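Colleague: Sequence:
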Amino acid sequence: MFKYYILALFLIAIDQVTKYIVVTRMEIGEQLELMPNFLYFTSHRNSGAAWGILEGQMWFFYIVTIVVVGVVVYFIQTNRDQPMLQLGFSFILGGAIGNFIDRILFQEVVDFIDVYIFDYNFPIFNIADSALTIGVILIIILILFEDSNGKGKIKNG
196 MFKYYILALF LIAIDQVTKY IVVTRMEIGE QLELMPNFLY FTSHRNSGAA
246 WGILEGQMWF FYIVTIVVVG VVVYFIQTNR DQPMLQLGFS FILGGAIGNF
296 IDRILFQEVV DFIDVYIFDY NFPIFNIADS ALTIGVILII ILILFEDSNG
346 KGKIKNG
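So our numbering is basically just the index in the sequence shown, starting at one, shifted up by 195.
Because the hints were derived from the structure by calculation, they are not lab data. Since we're looking at a predicted model, the values are computed, not measured. We treat Cβ as the ideally placed atom computed from N, Cα and C, and that holds for glycine.
Just the calculated beta-carbon pair ranges, DEER-fashion: (1) GLY224 - ILE336: 31 to 41 Å; (2) ILE201 - ARG298: 19 to 29 Å; (3) TYR257 - VAL331: 15 to 25 Å; (4) TYR269 - GLU341: 12 to 22 Å; (5) ASN316 - ASP276: 38 to 48 Å; (6) PHE313 - TYR200: 32 to 42 Å; (7) ASN316 - GLU222: 13 to 23 Å; (8) ASP314 - LYS198: 38 to 48 Å.
Can you make the complete structure from the sequences, with help from the hints?
Modeller: Okay, structure coming up:
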């Protein structure tokens with residue numbers, strides 16, 4: 196079971212190291228082209244949630260994150276027979292804590308992954324956001340493929 200917490204710690208570490216590099220080596224708004232017309236590193240700050248919603252509501256984010264972390268730890272602990280579910284929750288745990296650290300330190304989240312899909316500039320995000328998204332998608336897939344007995348149709352492990 197500790198491997199799920201180790202994965203969350205790994206995700207937090209990668210998230211924080213990449214954000215540290217962006218904060219210390221790039222000016223806000225500075226952009227590095229990685230793949231022309233597709234992928235850039237753009238130094239950006241977000242004081243809200245996804246797409247900047249609820250901007251400046253730090254106390255709300257603090258409370259929600261503490262509740263989410265508690266619920267996620269509970270689900271990791273109580274679903275020992277469902278490793279894929281624990282995996283999804285470990286991604287959520289790592290992502291939630293990664294962005295929580297930013298909110299505590301800076302009262303905003305450091306974002307830098309900037310993707311263009313055709314002419315659409317997707318909102319800038321970070322490793323923690325990616326981990327959260329992967330975890331939620333994995334859990335949704337598991338829920339969609341769960342049979343009436345509560346046993347996942349996806350082979351675990």
